[in-house]
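Trainee: If you're matching them up, the sequences are chains G and H in order. Numbering-wise, the first sequence is residues 1 to 117 according to this note's numbering. Numbering-wise, the second sequence is residues 1001 to 1887 according to this note's numbering.
Please note: incorrect hints may appear among the correct ones.
[As the list claims (entries may be wrong)] Looking from chain G toward chain H, a few residues come up when the C-beta cut is under 8 Å (computed): (1) E37; (2) T39; (3) F43; (4) E47; (5) Y51; (6) E58; (7) R74; (8) R77; (9) R108; (10) P112.
It is worth saying that the hints were derived from the structure and are not from the lab. From the three backbone atoms N, C-alpha and C, an ideal C-beta is built for every residue, glycine too.
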Amino acid sequence: MTERPVPLLRGTLDVMILKAVSGGSMHGYGVSRWIAETTDDTFEVQEGALYPALRRLEQKGLLESEWGVTETGREARYYTLTEAGRAGLRSEVRMWTRYVEAMSRVLRAMAPAGGGV
Amino acid sequence: MDSGGRDRVTGSGGRRRGRLFERPVREDVRRELDSHLAMKVEELVSRGWSPAAALSEAERLFGDAAAIETECSAIAARQRRSMLLARWFETVIQDVRQGVRVLGRQRAFTVAAILTLGLGIGANVAVFSVIDSLLLAPLPYEEPSRLVTLTELNEQGVTIPVAEPNYMDWRSLSTSFVELSAYRGPFATPVLGGEAPVRRSVSIVTGEFFDVMRAQALVGRIPEASEILAGDAGMAVVSESFWQSVLGGVRDLGSLSIEMGGYPFPVSAVLPARFDFPLGTDVWVVQYPSAGGTRTSHNYEVVARLADGVTLEAAQSEMAAIGGRLAEAYAGSIDAVTVGVTRLSDALYGSYRTPLLLLLGASAIVLLVACSNLASAVLARSVVRRREVAVRASLGASRPRLLRQLLTENLLLSLVGGAAGLGLAFAVLVVLRAAAPAQVLGLRETSLSLPLLMFTLLLSVVAALLFGLAPALRSDDRSAATLLRGGDRGGTGRRGTVWSVLVAAEVGLAFVLLVAAGLLIRSFREVISVDPGFDSNDVVTVNLYVPQSMYPDDTALIGLHASLVPALERIPGVTRVGIVSHLPMTGGVNGGVDIEGEASLAYGEYRVADGGYFGAMRIPLVRGRLFDESDRPGATEVAVVDAAFARQYFGDTDPVGRRIRNLRNDSFVYGTDNWVTIIGVVGAVRQRSYVQDVNPTVYVPATQRPWRARDGVLTLRTEGGAGAVAAAVRSEVSRLAPQVPFEIGTARALAGRQLDDPRFAMLVIGGFGVIALALAAIGIHGVVAYSVERRRREMGVRIALGAVPQGVARRVVRDAMVPVVAGVVLGLGASLALRRFVESALVSVGPGDPLTLAGSIILLTGVALFACALPAVRVTRIDPISALRAE
Chain G
1 MTERPVPLLR
11 GTLDVMILKA
21 VSGGSMHGYG
31 VSRWIAETTD
41 DTFEVQEGAL
51 YPALRRLEQK
61 GLLESEWGVT
71 ETGREARYYT
81 LTEAGRAGLR
91 SEVRMWTRYV
101 EAMSRVLRAM
111 APAGGGV
Chain H
1001 MDSGGRDRVT
1011 GSGGRRRGRL
1021 FERPVREDVR
1031 RELDSHLAMK
1041 VEELVSRGWS
1051 PAAALSEAER
1061 LFGDAAAIET
1071 ECSAIAARQR
1081 RSMLLARWFE
1091 TVIQDVRQGV
1101 RVLGRQRAFT
1111 VAAILTLGLG
1121 IGANVAVFSV
1131 IDSLLLAPLP
1141 YEEPSRLVTL
1151 TELNEQGVTI
1161 PVAEPNYMDW
1171 RSLSTSFVEL
1181 SAYRGPFATP
1191 VLGGEAPVRR
1201 SVSIVTGEFF
1211 DVMRAQALVG
1221 RIPEASEILA
1231 GDAGMAVVSE
1241 SFWQSVLGGV
1251 RDLGSLSIEM
1261 GGYPFPVSAV
1271 LPARFDFPLG
1281 TDVWVVQYPS
1291 AGGTRTSHNY
1301 EVVARLADGV
1311 TLEAAQSEMA
1321 AIGGRLAEAY
1331 AGSIDAVTVG
1341 VTRLSDALYG
1351 SYRTPLLLLL
1361 GASAIVLLVA
1371 CSNLASAVLA
1381 RSVVRRREVA
1391 VRASLGASRP
1401 RLLRQLLTEN
1411 LLLSLVGGAA
1421 GLGLAFAVLV
1431 VLRAAAPAQV
1441 LGLRETSLSL
1451 PLLMFTLLLS
1461 VVAALLFGLA
1471 PALRSDDRSA
1481 ATLLRGGDRG
1491 GTGRRGTVWS
1501 VLVAAEVGLA
1511 FVLLVAAGLL
1521 IRSFREVISV
1531 DPGFDSNDVV
1541 TVNLYVPQSM
1551 YPDDTALIGL
1561 HASLVPALER
1571 IPGVTRVGIV
1581 SHLPMTGGVN
1591 GGVDIEGEAS
1601 LAYGEYRVAD
1611 GGYFGAMRIP
1621 LVRGRLFDES
1631 DRPGATEVAV
1641 VDAAFARQYF
1651 GDTDPVGRRI
1661 RNLRNDSFVY
1671 GTDNWVTIIG
1681 VVGAVRQRSY
1691 VQDVNPTVYV
1701 PATQRPWRAR
1711 DGVLTLRTEG
1721 GAGAVAAAVR
1731 SEVSRLAPQV
1741 PFEIGTARAL
1751 AGRQLDDPRF
1761 AMLVIGGFGV
1771 IALALAAIGI
1781 HGVVAYSVER
1791 RRREMGVRIA
1801 LGAVPQGVAR
1811 RVVRDAMVPV
1821 VAGVVLGLGA
1831 SLALRRFVES
1841 ALVSVGPGDP
1851 LTLAGSIILL
1861 TGVALFACAL
1871 PAVRVTRIDP
1881 ISALRAE
């Protein structure tokens, strides 16, 4: 929590949402809290920005939603992963894993000796 | 923003799908965002924030709520739209599947319905396609709406062709046109220079013609108006088909030259096939106008292109003024009083408008009968299906949903019927093109055009609505519960009324068509029962088109005739051969005749013939003698008149030995004005028309006026008709006159061509009438059969109670005939109201012809009775016991 939050890379929000609801249906506020907790508030993201992303994923058929009631008796919209969403998440996870591994190898590697041309 | 307390969901416990769709999108989004803020505030408060500070912190963390709300709403709205569409589509597919299943189960009904619709729609599509190609499609020339024809009108207001000096004045005086052109033709003309001598349609046009039409050459170059010089024979432009068939499609036009009327013409251009004006022209001879005609010799047609911005009306008023000025300036030597300007498309096809619209009316009636027929069948079916419908209603299908299901079934039927109709229409058109000579209907190539497809689709939808209407109306009057209880026993009530109206409508419509068909048949019979004064049966004809260059003078022509006639007469099966300038009913010339000793001018048809012609056509000799070998050139000039001429101008006195002269057309050609002695009288012949009066006729011998029989017709009386002798005739003519194009035909066909129009109208309207009658009969039969089936039990009870079965059956028939009689009365009224539409097509039969009306009433009533009686007979076989047990 001491470091400044980093800006979110394009597309990462979608993966995080899919991952968040992969354990069971969740409302938007729940998703935002899960992301903040899981990432230790690493990302600089306005909470409101979550909602267009949720709607877009729903439109693409990756999520389903329905109204429900929270444990505190408040109404909220619950999002659930569809079959297509589950498949989407799997391929996103594979892609991101490779991306992150490759990036960290690059970052850890010794820089080649200067010179060349 | 107080989001905690408001917006509580009523009945929120149910996480039911579908709730989602009952709330406006924006409202839904706002609730979601509010719920987020509320939870955030809750969390912050629980961590010790004051409610006010918590709210503003929550809003800060959230970002621009308004923008997010808008964005989310847009996405959600898009999603909802596509979901609704998908759902709608899904139900349509469901409906279609269900419809196919239902229709498939009732195969007999489905097939009958498709056939009925196919007939009704097909008839309309066939007629419409002709209307489309003749009246709706634009002419295939650049800016066709600016093309007009100019004609002269005489004092009686009759349209006459244009005299050449007048045309020249129009050109110099008018400002309404970009360009004007005069033309004549097409004329059947022998053309040499191709692979064989042929006879083709040739039109003579002025140099501006192709400018006016904006024609583009397919091959070669269209000559400029300035290249056409006075005194030259001119140049030839040929049609694509002529170029292909006669000139062998040679692309190097420079090597080609054709010969007509003894003059050679270089071929300068080939026009594409779509260029067809004047209609049917094969060769256009581009010529400088033959200066020097009088203002009363009307030889030309004129076509012109309106200048930009000039309306038809403006051109009309300018030309009327010019015509008036010319009539004044040349008073005494001019006979036209004014000038008419008509759009080219109207001039070409305007005369088809009324008959085609009549046909469309007739085919529309057929479709209406088909629809009423189907409506009653669908109605009967809907009663049978009421349990199924009621079950579905109680399972939650709404009324609109059920109606939609019914409509889908109807549309399915109708569209398949429409497709069948389209196929049928094309089959019919192929037959029509074969049956109707092109000049009768002007049938062009008809193809699947977009307007035609749209028309078919429109008809199918309208038909579906029409025949679907009756049951749809009815399904409003009973609730599902009543239907489920079942037990609709009577064939009466509201359904009975709808049926009666449908039957009456069918019968009335069919009656109108039957009357029209009957009138046309009667009229046609009148025409063909007329004795024309000749017998064309078994007469083979050879039309000769003798080229001037091969047979330049009288001697050559006499030689040709003298070699052909006896040679043909020697062919076995040929009994008598003659020649005539024009066969009856195929045109000809006429004019004034002076009779020696009489002051007043006689008037007659003028024909050139030989003695054999009268024998071949079985025109009897009444008095005197026919032409023979003694009537040589240079001998006493003679003539034969017909009985009509004799009666009209000589009364009871004997014309033989009297003299006539100044056979006007004759002196024009020969420049002679000798007295001609009448040597015989033959039977009167209808030369012009089967329906008009007999035309007094003067015949002169081919040996003394061979020039007038140049393009004459050889007439061969045969024993077995054309088939037996055609080959021999063909080889003899080719052998004796190798350079002469000719056509072999039959006198019956040539003289009968005039009957094609009325015969065609009679066949088509008659065909429609028969279809309508059959459909009406099927409809009546269906209604009665159904009501007998429904009322089995009631009838069984009556019979069990002692009613005579025959009496019950009679009652069924009597009940069923009430709407039939009402329909006949309606039809009678409609026929009388519509009579002026058929009047123009009738000859010697009035549109109110009592015999036709009576015949139609008897025929229709008889057929209806039969249609009722068939199912009614079943009543007599009802076994009361089993009928009572049945339910």
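Trainee: Against this structure, judge whether each hint is valid.
Mentor: Status of the hints after comparison with the structure:
Taking 8 Å as the C-beta contact cut-off toward chain H, the hint placing E37(G) at the interface is violated, the least distance being around 12 Å. For T39(G), the shortest C-beta to C-beta distance to chain H is roughly 15 Å, which exceeds 8 Å, and the interface hint is violated. Because the closest C-beta pair between F43(G) and chain H is about 13 Å apart, greater than 8 Å, the hint is violated. With a cut of 8 Å, the hint placing E47(G) at the interface with chain H holds, because the nearest CB-to-CB distance is about 5 Å.
A distance limit of 8 Å between C-beta atoms decides the matter here; for Y51(G) the minimum to chain H is near 5 Å, and the interface restraint holds. For E58(G), the suggested interface contact is upheld, since its CB lies about 7 Å from the closest CB of chain H, less than 8 Å. Taking 8 Å as the C-beta contact cut-off toward chain H, the hint placing R74(G) at the interface holds, the least distance being around 6 Å. With a least beta-carbon distance of about 5 Å to chain H, the hint placing R77(G) at the interface is held under the 8 Å criterion.
A distance limit of 8 Å between C-beta atoms decides the matter here; for R108(G) the minimum to chain H is near 35 Å, and the interface restraint is violated. Below 8 Å, beta-carbon pairs count as interface contacts, and P112(G) has none with chain H, the closest being about 43 Å; its hint is therefore violated.
Violated hints for the displayed structure, listed by number in ascending order: 1, 2, 3, 9, 10.
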